[in-house]
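Heads up: the sequence lines are chains A and B, in that order. Going left to right, the first sequence walks through residues 318 to 1008 as the working numbering numbers them. Going left to right, the second sequence walks through residues 318 to 1008 as the working numbering numbers them.
Just so you know, the hints here were simulated from the structure itself, not pulled from any lab data. Just to be clear, a hint being listed does not mean it is correct.
When chains are identical, the list treats them as one kind, so a pair holds in a single copy or across two.
Calculated pairs, DSBU-like style, for lysine-lysine (alpha carbon to alpha carbon, straight line, at most 35 Å) [unchecked claim]:
no.: 1; residue 1: Lys964; residue 2: Lys356
no.: 2; residue 1: Lys447; residue 2: Lys711
no.: 3; residue 1: Lys674; residue 2: Lys519
no.: 4; residue 1: Lys425; residue 2: Lys349
no.: 5; residue 1: Lys711; residue 2: Lys519
no.: 6; residue 1: Lys958; residue 2: Lys349
no.: 7; residue 1: Lys711; residue 2: Lys958
no.: 8; residue 1: Lys425; residue 2: Lys666
no.: 9; residue 1: Lys711; residue 2: Lys964
The model shown is predicted, which means the values in this text are computed figures rather than measured ones.
Protein chains: 2
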Amino acid sequence: MALSAGFFYFLSFIAAAIAFLFALYLYLWVNKQKVVNSKIIEVSKLISEGASAFISREYRILAVFSAVFAMIILLFLPTPIWEGGVWDNISMTIAYIAGTVLSAIAGKIGIMVATLSNGRTAEKAESGLKDAFLIGFRGGAVMGLLVVACSLIGVALVLMLFGDASIILGFSFGASSLALFAKAGGGIFTKTADVAADLTGKVELGIPEDDPRNPAVIADNVGDNVGDVAGMGADLFDSNVAAAASALVIASSLSGAADAINMVFCYMILGLISSMIGIANARVGKNGSPTRALNASTYTTTAVFLVLTAIATALIEGFSWRVWGASSVGLLVGVIIGITTDYFTDDTKPIVQRVAKASSSGPAFTVLSGVSYGFISALPAMVGIAVSALAAYKICDPIGEGYALFGISMAAVGMLSIVGMIISNDAYGPIVDNARGLAEMGGLGEETIRIADELDSAGNTVKAVTKGFSIGAAGLTVISLLGAFMSEANAVLSERGMDLITGFDIMNPAVFFGILVGASLPALFSAMLILGVDRNAERMVAEIHRQFDTIPGLREGKTAPDYSLCIDIAASGALRELIPAGLAAIIATIIVGFIGGPSAIGGFLLGNIVSGLLLALFMSNSGGLWDNSKKYVEAGNEGGKGSNAHKAAVIGDTVGDPFKDTAGPSINTQITVVSLVSSLLVSVFVSFSIF
Amino acid sequence: MALSAGFFYFLSFIAAAIAFLFALYLYLWVNKQKVVNSKIIEVSKLISEGASAFISREYRILAVFSAVFAMIILLFLPTPIWEGGVWDNISMTIAYIAGTVLSAIAGKIGIMVATLSNGRTAEKAESGLKDAFLIGFRGGAVMGLLVVACSLIGVALVLMLFGDASIILGFSFGASSLALFAKAGGGIFTKTADVAADLTGKVELGIPEDDPRNPAVIADNVGDNVGDVAGMGADLFDSNVAAAASALVIASSLSGAADAINMVFCYMILGLISSMIGIANARVGKNGSPTRALNASTYTTTAVFLVLTAIATALIEGFSWRVWGASSVGLLVGVIIGITTDYFTDDTKPIVQRVAKASSSGPAFTVLSGVSYGFISALPAMVGIAVSALAAYKICDPIGEGYALFGISMAAVGMLSIVGMIISNDAYGPIVDNARGLAEMGGLGEETIRIADELDSAGNTVKAVTKGFSIGAAGLTVISLLGAFMSEANAVLSERGMDLITGFDIMNPAVFFGILVGASLPALFSAMLILGVDRNAERMVAEIHRQFDTIPGLREGKTAPDYSLCIDIAASGALRELIPAGLAAIIATIIVGFIGGPSAIGGFLLGNIVSGLLLALFMSNSGGLWDNSKKYVEAGNEGGKGSNAHKAAVIGDTVGDPFKDTAGPSINTQITVVSLVSSLLVSVFVSFSIF
């Protein structure tokens, strides 16, 4: 069976449309679940409003930022406008704007549905685990479906309208801009609120976690949505689009370009279909385990994708089994990375228990052992990415010139094929976390809280896995972005009749220079975000103190605090602290490009990927490890709550919070932003560089 | 003036002989200083015996390890013995053994003189700062002179006797083997004792730091000598030899090989002479500052070296100004790295004060801010190394083929030219630290303790600088080792008529695979060392508890504890914990080599250097930062001793101890070991590799 490109565009739109309808159905299903408890309605409304307020504020700032970037793109990219090619610049600008807008829409709707689901999940928990789980999961699945459908439709539209794969880089850069704000900004927001609420609530005032007297408590709940629903969604939208963009750029330069491009679209479509099947089948028995249910759906999606792509490869003319092999390797390695991450962060496994044990010697040992195991935990994922890149390359190399790199990019596409399912799992986390808080605030009784706890705990376990997965996907994606960068650079060089780049030799001092500078960037970027959380939390702590000092009756619970002021501090501070970090990344790229030209940029990207992966894995995993060690101690081990081990574990958890929810996962976005800025500016670097 | 190679060998021996005589003079001068206080004599003897006992034990294990390696070298290196070239294998084995023995002798004598100087420094402090400083400094300078003289003589002898620069790699590997034991083993020893002494003494029992009732107090003092005198000395011996070895290997392959080799020796000789001049001029005025005195000698050495090498370049035929430029760039960048390190760790500068301020919000903030600034602190050094490599390359590239790489290796030689001075400054640290403890135990009165404190504080400040310097030097050295590795690989490949390696392209999947695996190794290695310290400290804490529980009158100070058991635990544990970490590094290298061949190893070395530099700088600097923040709080800031900020700062310091004194500085050695194993095994990897 031979199929045309038009057919796959058409299929992409059909698949996306089905996904939209499915998401609409899930939304309506969630919406019709009843919520009657007035306290839950009230608090849930506060959370929803707070989240919307932050999102609007973020989007307003982003709009200014995007407008500036859109102007720059219009003037300079892909080539300076005065050198001709005006239409290309306009196309790129439109693609860029479309990238930000589509990602923004997915984020906005996703967060709306998530904040709609939390109260409903809490109330449904009164009648058992089964339906409550479904509400939480389906609420999150809306975000998952929207992200994948929007990225598919966006990529297909851009390629169909402009007919040039490199314009998709503009779309991808739009997605990255949004992800930088959503992930890093959301990460600062959520940890500001979390740290400030814990510091003042649990430590100073001795009130429980979700106590409504604490002015930061709503901000904390808002933060979960803002960081994990909108942030993670935007991050994976970004990775997904970047993977597709680099695969398409590389595919366009191949001898069998048409088939290769069709394969990329076909795999993306089948990934979306597999995710829908996985989502539709997610359910938990009456006394079943929600963790198992979530994992089972992930495995279903994986298996369905492998089978469907195999069928497509068998039926469609021009589709290669080697490419199928590369994509399957990517997906399987993604799953393996998830499982090893789980080993380091699951409290039924030895590592978490050892850190809990170390905590009984004091907080320094909590920190030292957590850092050590965090360092070690990076190894399997790094080796996994290395092996999958090597395997994909070797599998596809015999097809023909350029196919080896295409194989790596298809490994990334394969790893990201189940992203719809991954986002659904991830967005489930904050919904049930919120639900637990709402069940407590609404006074729903012990049994309901126990059920909410069980749902929440599954969310935490799965979150660690999805984080490992998304870092792995970003790693593989960026390798193919490096390939895309080389393609772009060579396109510019050949146009000007200059020598082509055949590779980036580490013995070339410009490359080496780039590598060292690139490697220090993720460290700088993370440090700026963590210090940003510190500063912002300090501001919020001051506000909480002010409210307790000046609002009469607050301490006794007779009057309500002013939640909105805390939300305001979290929101404005997050965006203020984020901007220097984002600019530092972009400016460093530009400086390196102007000093060393495309070779230095190649090295810079590599150094950035390598140290970025290492630090992201280290920080995400040690953060998850500390969090679960604390929970393990709180479950009555090593002396339980109130023991010295518990005090130490709480300190570990506080250190881990910005590690795992702010800096660690934002490094992905930093890497993608830097890669895209490099690809976009390549013609400028070719023209003006010192060496 | 045209000079022969023989002339430079001759000069090397003369210079080394003068350095030995100078060291002997310093030893005799220190030895004739009187020490009369019986308590000081007693404790000082315990420290000296403990240090000797550890060193002997370490050397015994090392002897077994070296014997095994010597056999392997004899059988396989540089080529398997059954392929002929028996004489080469014997030469390499002899060189290897010479490397371990010479480094061991320097370490043994250095530690002997250092433990001789501490008591004398303490007693002299009674009559003022001036002479006490001189004893401390001159005691350390013996180690500095011996290290440089031994490495010079060793390198010259090996080249003169065997006439083949690549045999020097065997000598260098011997030095690395020893450094791995001395630095990482010493690092575990010292922090085991320090952490255990602090945990039980200050925290549990509430007795002061150097209280003689604490069974771990002598082990703690022994540890300072073992870690900072023997360990740092062996580390810099290793770096110095590795820099010389790689410069000589590269020099041998140049068109102007004879001149290039002469230049390497000439620069090393002039470095030794400059260090002697710097050491001879180190003194402090009656009310002068010891920190300033140490820094002034370093700057003197730097200036003298720059002038002497300029004169040599002007006078000697065949010496190139470009090479002088590269070497000067290396030296100046080394000094700049030292200064930036100082900015991050000096308590009169803002960073330390900010971390102290963050501590008042609790230990989590001490850790978070320290980690963040530690991350940031890596940037200037990484950029400095990148820029110096780029500059050295560009300066020397016009001389001819291969000279660019030679320029980089000469930048490393230049940076290490003042190593004699650096080691002297570094070894001064533990001597005056011990002296402070002895002054307290000997009851020498407040004014003497104040003077000892001032000497000690200078030691701490200078230590941070020397650590930054040694990491920078290792970074640059290893770049040139990468070049040496390529030369070695090509020698093997051309012998077999195979394609030569022209570089390591990061788009080559084998290289990329190597990079990712190489980058995760330093994280694994550091984690294993830190966990080793944790486990070992636990054992020692148990022993301290046992002594307090079972020795009657110990708590009241009526009976003495059994110091030797604690020393024993520190020693045996250190060596036990070290071996798996060292083996992991060597085995990883071998696996990568067998999978991906020389290309993967090239990537592996690069990944290892990049992440190794980043982590080493991060850990050394954040450790120094926490240490000095604690001292800053103890000086009465942020509430002073006993405040919440102080408690938090103590936790930060405990986290920082294994960071800065065990893991951070050991990474250097890990990198050198891995580089040398790679260079040595290159022919094996060429013969047997999967890809």
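Structure-based check of each hint:
1. Lys964 to Lys356: within (32 Å within a copy, 41 Å between copies)
2. Lys447 to Lys711: neither (46 Å within a copy, 68 Å between copies)
3. Lys674 to Lys519: Result: close both inside a copy and across copies, 22 Å intra and 22 Å inter.
4. Lys425 to Lys349: within (20 Å within a copy, 80 Å between copies)
5. Lys711 to Lys519: neither (54 Å within a copy, 59 Å between copies)
6. Lys958 to Lys349: neither (40 Å within a copy, 61 Å between copies)
7. Lys711 to Lys958: neither (53 Å within a copy, 62 Å between copies)
8. Lys425 to Lys666: Cα proximity of Lys425 and Lys666: none, with 37 Å in one copy and 45 Å across.
9. Lys711 to Lys964: Neither: 51 Å inside a copy, 55 Å across copies.
Checked against the numbered hints above, the structure breaks hints 2, 5, 6, 7, 8 and 9 and satisfies the rest.
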